[in-house]
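Colleague: Put chain B on the given structure of chain A with help from the hints.
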Amino acid sequence: MTKSLRFRAAVVSIAILCAFIGTWHLATRGTGSVAAMTPEYAKLMGLTATAGKSAMPGPLDVGAKLWEHLKRPFYDNGPNDKGLGIQLAYSIGRVGLGYLLAVAIAIPLGFLIGMSPLMNKALDPFIQVLKPISPLAWMPLALYTIKDSGLSAIFVIFICSIWPMLLNTAFGVAAVRKEWINVARTLEVGTLRRAFTVILPAAAPTILTGMRISIGIAWLVIVAAEMLVGGTGIGYFVWNEWNNLSITNVIIAILLIGVVGMLLDQVLARFTRMVTFPE
Amino acid sequence: MSTFDNPFDPARRLRSGCSCGQHASASEHDASLQPAMQCVAPESEAQRYEGVVASAVMRAVFPKEVARRAFLKSVGASSALAVLSQFFPIKTATEVFAQGVGKLEKTDLKVGFIPITCATPIIMAHPLGFYTKQGLNVDVVKTAGWAVIRDKAINKEYDAAHMLAPMPIAISLGLGSTPIPFTVPAIENINGQGITLAMKHKDKRDPKDWKGFKLAIPFDYSMHNYLLRYYLAEHGIDPDTDVQLRSVPPPEMVANLRADNIDGFLAPDNICQRAIYDGVGFMHILSKEIWDGHPCCSFAASKEFITTSPNSFAALTRAIVDATAYASKAENRKSIAEAIAPANYLNAPPVVLEQALTGTYADGLGNIKTDAKRVDFDPFPWQSFAVWMMTQMQRWGQIKGDVDYKGVAEQIYLAADTAKVMKEMGLTPPASSYKSFQVMGKTFDPAKPAEYLASFKIKKAT
Numbered sequence: 429m430t431k432s433l434r435f436r437a438a439v440v441s442i443a444i445l446c447a448f449i450g451t452w453h454l455a456t457r458g459t460g461s462v463a464a465m466t467p468e469y470a471k472l473m474g475l476t477a478t479a480g481k482s483a484m485p486g487p488l489d490v491g492a493k494l495w496e497h498l499k500r501p502f503y504d505n506g507p508n509d510k511g512l513g514i515q516l517a518y519s520i521g522r523v524g525l526g527y528l529l530a531v532a533i534a535i536p537l538g539f540l541i542g543m544s545p546l547m548n549k550a551l552d553p554f555i556q557v558l559k560p561i562s563p564l565a566w567m568p569l570a571l572y573t574i575k576d577s578g579l580s581a582i583f584v585i586f587i588c589s590i591w592p593m594l595l596n597t598a599f600g601v602a603a604v605r606k607e608w609i610n611v612a613r614t615l616e617v618g619t620l621r622r623a624f625t626v627i628l629p630a631a632a633p634t635i636l637t638g639m640r641i642s643i644g645i646a647w648l649v650i651v652a653a654e655m656l657v658g659g660t661g662i663g664y665f666v667w668n669e670w671n672n673l674s675i676t677n678v679i680i681a682i683l684l685i686g687v688v689g690m691l692l693d694q695v696l697a698r699f700t701r702m703v704t705f706p707e
Numbered sequence: 007m008s009t010f011d012n013p014f015d016p017a018r019r020l021r022s023g024c025s026c027g028q029h030a031s032a033s034e035h036d037a038s039l040q041p042a043m044q045c046v047a048p049e050s051e052a053q054r055y056e057g058v059v060a061s062a063v064m065r066a067v068f069p070k071e072v073a074r075r076a077f078l079k080s081v082g083a084s085s086a087l088a089v090l091s092q093f094f095p096i097k098t099a100t101e102v103f104a105q106g107v108g109k110l111e112k113t114d115l116k117v118g119f120i121p122i123t124c125a126t127p128i129i130m131a132h133p134l135g136f137y138t139k140q141g142l143n144v145d146v147v148k149t150a151g152w153a154v155i156r157d158k159a160i161n162k163e164y165d166a167a168h169m170l171a172p173m174p175i176a177i178s179l180g181l182g183s184t185p186i187p188f189t190v191p192a193i194e195n196i197n198g199q200g201i202t203l204a205m206k207h208k209d210k211r212d213p214k215d216w217k218g219f220k221l222a223i224p225f226d227y228s229m230h231n232y233l234l235r236y237y238l239a240e241h242g243i244d245p246d247t248d249v250q251l252r253s254v255p256p257p258e259m260v261a262n263l264r265a266d267n268i269d270g271f272l273a274p275d276n277i278c279q280r281a282i283y284d285g286v287g288f289m290h291i292l293s294k295e296i297w298d299g300h301p302c303c304s305f306a307a308s309k310e311f312i313t314t315s316p317n318s319f320a321a322l323t324r325a326i327v328d329a330t331a332y333a334s335k336a337e338n339r340k341s342i343a344e345a346i347a348p349a350n351y352l353n354a355p356p357v358v359l360e361q362a363l364t365g366t367y368a369d370g371l372g373n374i375k376t377d378a379k380r381v382d383f384d385p386f387p388w389q390s391f392a393v394w395m396m397t398q399m400q401r402w403g404q405i406k407g408d409v410d411y412k413g414v415a416e417q418i419y420l421a422a423d424t425a426k427v428m429k430e431m432g433l434t435p436p437a438s439s440y441k442s443f444q445v446m447g448k449t450f451d452p453a454k455p456a457e458y459l460a461s462f463k464i465k466k467a468t
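First to last, the protein sequences are chains A and B.
Taking our numbering as reference, the numbering of the first sequence is continuous, increasing by one, and the terminal residue is 707.
Taking our numbering as reference, the numbering of the second sequence is continuous, increasing by one, and the terminal residue is 468.
Simulated from the structure, these hints should not be mistaken for laboratory data.
These numbers were taken from a predicted model, which means no experiment stands behind them.
Possibly wrong hints are sitting among the right ones.
[Unchecked claim] Here are the simulated SDA-like pairs of lysine to any residue, each with C-alpha atoms no more than 25 Å apart in a straight line:
| # | chain 1 | residue 1 | chain 2 | residue 2 |
| --- | --- | --- | --- | --- |
| 1 | B | K309 | A | D576 |
| 2 | B | K206 | A | T459 |
| 3 | A | K471 | B | N353 |
| 4 | B | K206 | A | Y572 |
| 5 | B | K162 | A | T573 |
| 6 | B | K206 | A | M465 |
| 7 | B | K139 | A | P507 |
| 8 | B | K448 | B | I405 |
| 9 | B | K116 | A | W670 |
| 10 | A | K481 | B | A261 |
| 11 | A | K559 | A | I645 |
| 12 | A | K471 | B | E344 |
| 13 | B | K206 | A | A455 |
| 14 | A | K499 | B | P348 |
| 15 | B | K309 | A | Y572 |
| 16 | B | K139 | A | D504 |
| 17 | A | K575 | B | L181 |
| 18 | A | K471 | B | K340 |
| 19 | A | K481 | B | K208 |
| 20 | A | K481 | B | N267 |
| 21 | B | K375 | A | A464 |
| 22 | B | K162 | A | A565 |
| 23 | B | K206 | A | G480 |
| 24 | A | K471 | B | K448 |
| 25 | B | K116 | A | I514 |
| 26 | B | K139 | A | G506 |
| 27 | B | K162 | A | L525 |
One chain only, chain B, in its complex shape:
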């Protein structure tokens, strides 16, 4: 069930799962049939908020979906809204909602980001005014690398920051840094990476032929690392012995690929597309083809920030969730690409960003491909994502010994807080924060991480 669907739709399906049985939900089913999502952009901010508040009221009046559907069918959506407004002052509530709930402890905030399309919601919230709408004055600061982001977030130079989804777990557990409790109130983006290979390998599409390859990833504690290792291992290549994995900053990946120094990389988007744009590589697969809907980057804040400035934190989360919702709509993607292309933000050619964000892209081999979900946005921090990451951290020897999967996941991935914020905004968060999903056809059951870990043939000997 998508987070951003409309409760005024009487035809909305009540249970998850779709008619053909191939997809997790009806909305996914629809999306697979049509490249563009069907949501209609609200015309103005005021209307958007009114919609959000009205949705919340609707959900509160009819908590049971069946009853809501029956009611809507009998009276129609517009008259339902009219009836509701008689009993509930939607206009006033909208104003209250737009101003936020509690008094903000701190309005001048600094948020760090790395210039890749994964940071889209963090960045676009600035030029498109999602922060100011929450009464926040946010400086989005471009940062030189993941380690610097980590250090600046730990040093409290940043109030919150764009991080790779596994980074807050690594920081909280003290992997590669001093242990400091960090949290993830929202996932920045899902999907949005790809494996790009040098042009000379365009006939070597089977990973079994990749022995001896030099492949680059941006950071050790990244989904890029885990997904590439997973992909290689599934094809019988041991990522520790059969290939060389190097930690390389994204722009150097393109330069190294051009210089014939590496054979390929699994990198975040706009870098993959940039390699294609410059004619030095081609898209082997999108990371989506490894795990559709995988988290990529996260929005992270220290536990300390949350306890000292809970209202500012909530406002910031609202802004991010709001921006993420806006970014999840296909029809907004083109304008977003334009808004975040200037030097102050991503500093990238707009045509490259547009290809990454809209999903209609040149693949480097002469074909134009279309995949509207190449990058997607869904903020809910599923705790099962965190559990999966920890299984991979263990699998590749980053964590030694036993792990309290659930305990760690629940401390860091703040599903409950995010759900609360989403409810305030009139969205429907999922009822559970654990979900099962498939990675390359293999089902991951978050209740049984140890069994999952044991089932892999290739892993680091401990």
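With the rest of the complex left out, here is chain A:
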């Protein structure tokens, strides 16, 4: 039964994909020559102007270009032109760094907030104000104060991925069953040991859910940050191709950003399953 359900779902997925690509192809077909032009003049104009080619690339254009990129993902033609593999590696590296920094601060701080009602109340207003700030709003400030564009991008990742982890950790820690803590207390377990042996395992699923939300946000932010700062990374690639009005390459980048984001999410989803326990 499940097998047939999975099979049927796959069929529907493929049908949707085909319908989408078919519509896309039809919608972006050229209309044939649009205006009378002398051959010399036509030579100076682009295909959109001469052949009525749609400004939006069709699926075939994107496919061909994607194949070209996938064939050589790691070429390096100087500081402003690198293969997609290298660009993605730069982005993942930045996200990793900013994210790990955030983990290193958010989880201990979240523990503190979760375990101490006083700190919870005291820090709450700050968290509530800082949490909804858009990542890009930090960018000019970071560039101006940190005075290093690479570090600024990492800082923006850090500042944006810290909040979901912090809140989830605090919530998870605060929501640990009172009975368990009381049992630990009766057995005269020290605070530190209690934190590691009772609270951490109990709160782990919630903490990892927070981490999973955070990595999603971090990956969302990096593209925008790199578009602003330039230099390297998939966001820079999008900007560079946008500069050339190459929508084909922009679509390819969007596709890859989606795939990498999904992979990052899946990795953390797996970790979450590992620490979840049936009650």
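Modeller: Same frame as chain A, but now just chain B:
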């Protein structure tokens, strides 16, 4: 008088001004008659340098142009050179010159640029080897926008950068940023912009009909902004109340024009031509028709870089002046377009760059137009340019109160240093760093900026 003319030419005119009286100089007169410039490209780098050194020696031996001309007429250019080489070791001097003068404090440099044709000398100096010739290892780094260039230059991530000509003035005066002394050792390019309008406006060629238009410019402290405002105001349109001016990054200009979101823009080249190439706009006028020979972008470095690494700075300036000289020759433009088109540099279709650089272009209305000076290159940082920009900054309310025009211009536009570098290279810099010029038929006298400013009817109420 062109910067890059030949002192071995006995027929070179001695005074500025041309025979017909219509042009500022004879070379301009010649250029207006012939689309292509007449200079002949030297065959190799070695010969080029030898020419440069020989020119310098010639100028040193005969500082008076009249005497030089008489001498050349009597013996001929080639024998003059032969005579000179007997007294002066031109070969050795060429080698010394090619290696630079002082020891370079820093050879690995980073120069930021924005991917538009204005950056041509900065970019082409990399693939064509103008930097390496000066013993420099320069990384040219594409940058995401003018504000980022400003911040990265201020943060010292870049040793020098491509900036809009008014930007170093704005940064030094603290307009829109913390005040940090910046300088302009060379102008990147002159002309090279245009007003592009959406196809639906092809019958509205009179700016008087433009009330209510939404027009885009790339940055507030730009020649684009000042020239568009000037052009509109001259036609009786108040740029602050009658139209909407928006700061929009160049690629978004084309997309917005296609989406019918703006009516037109005054943008740097390859963007104007790109809009035409994609069939979404047409060229209304070139910025050259507003002010022929206006500066567009500049090559900028912080004062700190100059004081800490004077020799590297001089070498960098030499490379840029050298590249600018190469780019100013019409016959090199096609190969330059090819050299700077790849993704590592401008990342634009070569046919678009070629049209912008050679000046033979489709205008979007079905005509092929030719204007060899659509983009041109002349590095000399005229201080009168800076004074003009400050009058416009005041006119549109960017600077409030009195301005020490000359003081600021002389601190930022390093005409004296550039002249020195140019002399070292055997070029003749202009004797004065102020010149008068005309913007839409109105003469600007750099000695009287306040009167000039007062003469405008349309300006921001202060």
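Colleague: Checking each numbered hint in turn, tell me which of them this model violates, lowest number first.
Modeller: 4, 24
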